[in-house]
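Participant: Starting from the known structure of chain A, fit chain B onto it as the hints suggest.
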Amino acid sequence: METIWLYQFRLIVIGDSTVGKSCLIRRFTEGRFAQVSDPTVGVDFFSRLVEIEPGKRIKLQIWDTAGQERFRSITRAYYRNSVGGLLLFDITNRRSFQNVHNWLEEAQSHVQPHSIVFLLVGHKCDLEAQRQVTQQEAEKLAGAYGMRYVETSARDAINVEKAFVDLTRDIFELVRSGDIKIQDGWEGVKSGFVPNTVHSSEEVTKGGRQCFC
Amino acid sequence: MATENRINFWRRNAKVPGRYHKDTKPNFNNLKTKKASSFHEFARSTNDAWDIDDEEEDDFLGTPAPTLSLHPTSTHNQCTQQQLQNLADDTDTGMMHPPTKGQHLQDVQEEDGDCEHLNGKFVKSSSEADLNMSSVRSSLQKQQSLPVRPIIPLVARISDQNASGAPPMTVREKSRLDKFKQLLASPNTDLEELRKHSWSGIPREVRPITWRLLSGYLPANKERRELVLKRKREEYFGFIEQYYHSRTDEHYKDTYRQIHIDIPRTNPLIPLFQQPAVQEVFERILFIWAIRHPASGYVQGINDLVTPFFVVFLSEFVTEDMENFEVAALPLETQRNIEADSFWCMSKLLDGIQDNYTFAQPGIQNKVKALEELVSRIDEDVHNHFKKYEVEYLQFAFRWMNNLLMRELPLRCTIRLWDTYQAEAEGFSHFHLYVCAAFLIEWRKEILSMVDFQGLLMLLQNLPTIHWGNEEVGLLLAEAYRLKYMFADAPSHYKR
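Chains as they are written, first to last, in my numbering: chain A, 1 to 213; chain B, 214 to 709.
Calculated from the structure, these hints are not laboratory results. All of these numbers come straight from a predicted model, not from anything done at the bench. All C-beta atoms in this analysis are idealised placements derived from N, C-alpha and C, irrespective of residue type, glycine included. There's no promise every hint is true.
From the structure, some residues in chain B lie toward chain A, with a derived Cβ separation under 7 Å [claimed, not checked]: (1) Ile422; (2) Pro432; (3) Phe611; (4) Gln667.
So here's chain A without its partners, still in its complex pose:
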């Protein structure tokens, strides 16, 4: 049967090559950590349902993008129809942090006339010994751009749920307050089905880790 959800949000996940975008998404949508995965070429699609409040479910459609520069002509087409984004860097790779600014510029120049709610993600936080970016400076950068900051690990399943759910809640609030509006011809936010049975939350897994694709 059709899964019941209030809204559908489209998210985009961006960041340098090998910061762990695909691994983070797989942990979130499939609940497992892939030790090895082919480099993403172009864009891959994932999906999951999250419950932000009891009985309030949001369907997330997530675009996983290739980090390599040559694929920009493909990936940039996906900004326009995204309402939210996770911008990843690898805390053990300073360069990927330095590129955060470039990624925001890239996104902003291709999202017009819409805008994207971004969350800054310091990934691979299980590798504390190899850390090259401190939490303070990452928080400072995030603050300067008005973003939240969260440190995650797909390997150890740290804050993965939190990253996606926090972002989803933020977008939900903006939709509720009218700051983000549903528009025809824009895929960023879509309204879902709200039948009377919406109060029953039994279909949603307890850990919220099941993939509903």
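Facilitator: For chain B alone, coordinates are given in the frame of chain A:
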């Protein structure tokens, strides 16, 4: 519309060998009365046609008609997983030819014929089976409609290079191999003839040299080959000496860094590719190619393209269990030869598709557009279904083009596919488009059963080809050939 085209193709085109007419071959048993609406159905409905054809060809070749009896039942049941693998993968059995050559398309059936399904087990049948065993055959026929297939494990996906466990060669396979050997041994190999024979799959034993010839790396003149190989291998290692140290230079260090982090992620599930000696080979090949082709440089996806060449050239020296073979154990010169040959053949391949990897990837953009256009003509249902649910071709077909379907198919299938790509003029750059279209239509039933964007995308990103072998690739290629014939080479066949 699409269905009608398919039927017309088989019915009207007398030159294209298809089914025997019932009136001319009244003894053609088991022919289903249902009209074939696709190549696949056609293939299934004429499943026993190869028997007759086989006889004819054997006669033609002057070989005595085989008077072999059916294998004892016990042998059938002893088919191991390994044998399944080899059976399914052995290209010697893939006898499909491009239909223009006036050859019998029933040959396609050999792929079915050599290894038929029986309750999930395989029996050796076909050319070695007594033709009088019609009762046995008809029971096989029934079983064949069942979708029972053994699952071939992913990690075993390059076992087709192994010699062990391979079934004994049939008379036909032997004569086919002899034909290749004869062509290869002549003072000047007839490349046209070699292409013609390669189209339907190259026997494992002669695949390395045939690939070198078809890619244009090795000259047709036999006397010159040794010298050319020596010179080209030296040239490659000259590049290494001259340029490889520059990987740490400011100008190239990003390129090298990207290659270096991608190599461990290339074929991650096969132990062979986790060996340092092998990873270094891939790094050198890719780095040298990248800096010699600055217009594209290194693009993810190109790393995959080294693999088939490396595996095929390595297969000359490995008889079994290639996935775990210790490459460092080979003589250094052998290792170097495999590396240099892989580099040159990959370079030849990339020469034809470089615009896939240059700025904005115009080659891919154009081919995805062409795919969309083609599908809109051959299968309106699928095309409109995508439209209805807002699926864009670029969303799934970008990878099909960027990685030449290597992410969608097991490696053994890619190797078989490349036999044909190298036999076709512009195989990688042009024929691939028709293969992609045929591949998409292959899943039309599954596609049409998905009624939302999400389901469609998830399906298209994860098409279940894990069990695929030569049989499926053979049918795919036949369908691609048909599409190319109808929509490109003879556009007047299509009236919108």
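Participant: Please go over all the hints and tell whether each is borne out by the structure.
Facilitator: Going through the hints against the structure:
1. Ile422: The hint is violated - B/Ile422 has no Cβ within 7 Å of chain A, the shortest such distance being about 31 Å.
2. Pro432: Violated: closest Cβ of chain A sits about 34 Å from B/Pro432, beyond 7 Å.
3. Phe611: holds, 4 Å
4. Gln667: Result: holds, 5 Å to nearest chain A Cβ.
Comparing the model with each earlier hint shows violations of hints 1, 2; every other hint is respected.
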